[in-house]
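Construct the entire structure; sequences and hints are all you get.
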Amino acid sequence: MLGRSANGIYWMSRYLERAENAARLLDVGFRMALTRSVHAREEEWRSVLVTIGQDLAYRERHSDYSGNQVANFILRDKDNPASVLRMVENARTSARAVRTSITREVWEATNESWMILRDLLARPVRDGSMGEILAAVRRQATLVRGAMEGSMLRNEVFNFARIGTFIERADNTARILDVKYYVLLPSVAWVGSSLDNVQWETVLRSVAGDRAYRWLNAGYLDPRGIAEFLILDRRFPRSLTFCYEKIRSNMTGLALQYGGEVEAHGLLRHAGARLHQTTIEAIFEQGLHEFISEFIVGNVRIGDAISADYRFIE
Amino acid sequence: MQSTIGATYDEMYDADGTIRPAYARFHDWYEGQDRDWLKKQDAEAERFFRRTGITFNVYGDDAGEERLIPFDMIPRIITANEWRKLSRGIEQRVRALNAFLKDLYHRQEIVRAGRLPVNLLRHNDAFLPQMIGLTPPGGVYTHIVGIDLVRTGPDEFMVLEDNARTPSGVSYMLENRETMMAMFPELFSRVSVRPVQDYPHSLARSLSACAPEGAGVNTDGRPVVAVLTPGIYNSAYFEHAFLADQMGAELVEGSDLRVVDGRVAMRTTRGYEPIDVIYRRVDDDYLDPLTFNPESVLGVPGIMDIYRAGRITIANAPGTGIADDKAIYSFMPEIVEFYTGEKPILQNVPTWRCSEADSLKYVLDNLKDLVVKEVHGSGGYGMLIGPTASRKEIAAFEKKLRAKPENYIAQPTLSLSTVPIFTKAGLAPRHVDLRPFVLVSPNGIEITPGGLTRVALKKGSLVVNSSQGGGTKDSWVLED
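So the protein lines, in turn, are chains H and W.
Here the working numbering is used: the first residue of the first sequence is 573, the next is one more, and so on.
Here the working numbering is used: the first residue of the second sequence is 253, the next is one more, and so on.
Everything labelled a hint here was simulated from the structure, so no lab data went into it.
All C-beta atoms, glycine included, are put in the ideal place defined by N, C-alpha and C.
Please note: incorrect hints may appear among the correct ones.
Simulated coverage check for chain H against chain W, where a stretch passes if three residues somewhere in it have a Cβ under 8 Å from a Cβ of chain W [stated by the list, open to error]:
#1 575-586
#2 671-677
#3 683-695
Among chain W residues calculated to face chain H with C-beta under 8 Å, some are [to be verified]:
#4 Thr-304
#5 Val-504
#6 Thr-521
Written out as structure tokens, the structure is:
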């Protein structure tokens, strides 16, 4: 396939995943806002912006953090080149540029998603319709993934789409941990208060893992267990280990089809071994924050290597 | 020559309001349908087109905005007999166009014979000196041709224009049929319509047959075909993607291509892989910055050298524009006769060449009755339609015409035939034209039955161009 097409399908998947993750973070933000003091609320909105890397851009335009203002900035602000609407638009533009590589189902799901969200986000979003709109973003991204799953050949095109999805998802989970790691650290003040419980649940909700975690742990929340769940649990589809397992199998698919490995395979093997051979105890010993920072840098490097090795651009 | 021709011919109803035989079966079906249901289907068709992204981009006002070409659900119907004669005429014309191009870029017999003024070539940007003496692989110049036909009476089909560069619209022909079959499946069991769906397959086969010698050695003998598009912001991008998809060919942009080891190659995830045939939807001028426009980023530097070496097929060949030039058009009857030795089966629309003094005088005296076109224009831009133009517009045009008469030709305002469209108030006649699509390869000439019918949606309007508010219809050729 063309390098440009591989680039297009990879980024189409990343953009959709990114839009979905942003919507989920906003959802959690609104939930937190219901339960917390004004100051804590502002802090919560700021951390949402920091997680998706838009705090600086936001502060250029606004001086305070109100939920509605933050949400509209992230969802649809014309001056925000990384708004959810822009992500979906980018995904659709990428899909259009690689139309011959994707099935009609995938193209139509992507195109329809863009049409629906463009209409929903045509005007500033009021709090009353926020829930519906955030749900629509998640639903449309799921629809496109479902169309891929159900209609695409399992070949290089599919591999690049999946690699894009999981590189982005791993990045997202890691960033949430990066911003919230202190919540999970043992501290003198830690008594397992209800405030702690709320904070821990926020982290889980941000990756849609609250119910799964509670189900696995009979409702008992424990910070170390949460960290382990998000980083190392191979059953949870947003954990770092799960994402890397998916990237690995799709990269293996490419190696088989192309009759050989590229540099990215080596980087990936190294990163995979780090996840595979460690325990949550070892991670906390090294420092949760250091571990996550290293992971994020390594993840970017793998993405760059894939794009260079497979000639995404000239 | 007269400046207007005849009264309007409606293809569905005769002068007494009786249904013509071609439409009898369709009309029976139509009368049996619930109007409200038809209206619902009409709206459904539009949603379908939006969802599948069958859109085109409009240049100018809302740059980047994608629009739909309105689709009208009443088919345009041609009988088997009418089509037989039409396709004979089209075949003859396309054969002549190719022979003409070959001659122009080699010995120019037609000029030597005094049948075509040499001035038409000398001062014509559409004539590419770079093509002189070069024979394309397979000897084919125009692999894909669209012949624009208009009808003015029961037996009067005339050629309004030849499209020998990169005729577009074939994807609409195919999608219109798909849409009709999806909306009204039972209609097709009542009326036997000749299929058009083979087109992409025929196109792939036809292009492959024109591949250079030695093509496909590394690919099981199957030549590698790619569609070259200027990119997603081009007005016909949908069609480029659609055809590549249907042919199973790669859709490439200039930035994907470069010359590697004496071949044109595309950048794949495994490295550069050679291409044998390029179906390019990029204009000549942008094809090769080393040979033509040096500013172009849409083409491939050096592709013309590979072409000259006979190692790539470019479809259509560069320089084919000279054959559909409007100044050349008026010579088509002579051209057909010169190369085929036969009388033309399809007539030209009578045309005054404003470069000739007598004609210019006549045109200037009759501007309000004529259609005046720029010799190099297309898409319905830069033309004057006398009968609907204001006095001011005519005066302004007259100035341009006097300043550069050789830039213009004039034709009578034709009373194009009408076919009804579906409106909320019922059927209403609108003017139409027809663009059949023709494929040329060393194995012969193939014409898809029917083509694209374009329809002027505004009452009384004669402009059918999609860029100016025209729509399209499914075009049926009936089985015998």
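Do at least three Cβ atoms from the segment 671-677 of chain H come closer than 8 Å to Cβ atoms of chain W?
Holds: 3 residues of the segment 671-677 of chain H have a Cβ under 8 Å from chain W.
Given that the segment 575-586 of chain H was listed as covered by chain W, double-check it with a C-beta distance under 8 Å for 3 or more residues.
Since three or more residues must qualify, the claim that chain W covers the segment 575-586 of chain H holds, with 3 doing so at under 8 Å.
Evaluation of the interface hint that places W/Val-504 against chain H, nearest CB under 8 Å
7 Å, holds
Please verify that hint: W/Thr-304, Cβ, nearest Cβ of chain H, below 8 Å or not.
Holds. Min distance 6 Å.
Closer than 8 Å Cβ to Cβ for three or more residues is the test here. Does the segment 683-695 of chain H pass it with chain W?
Result for this restraint: holds, n = 3.
Do the numbers back the hint for W/Thr-521, that is, is its least Cβ distance to chain H under 8 Å?
Cβ of W/Thr-521 sits 4 Å from chain H, so the hint holds.
Taken one by one, the earlier hints all hold for this structure without exception.
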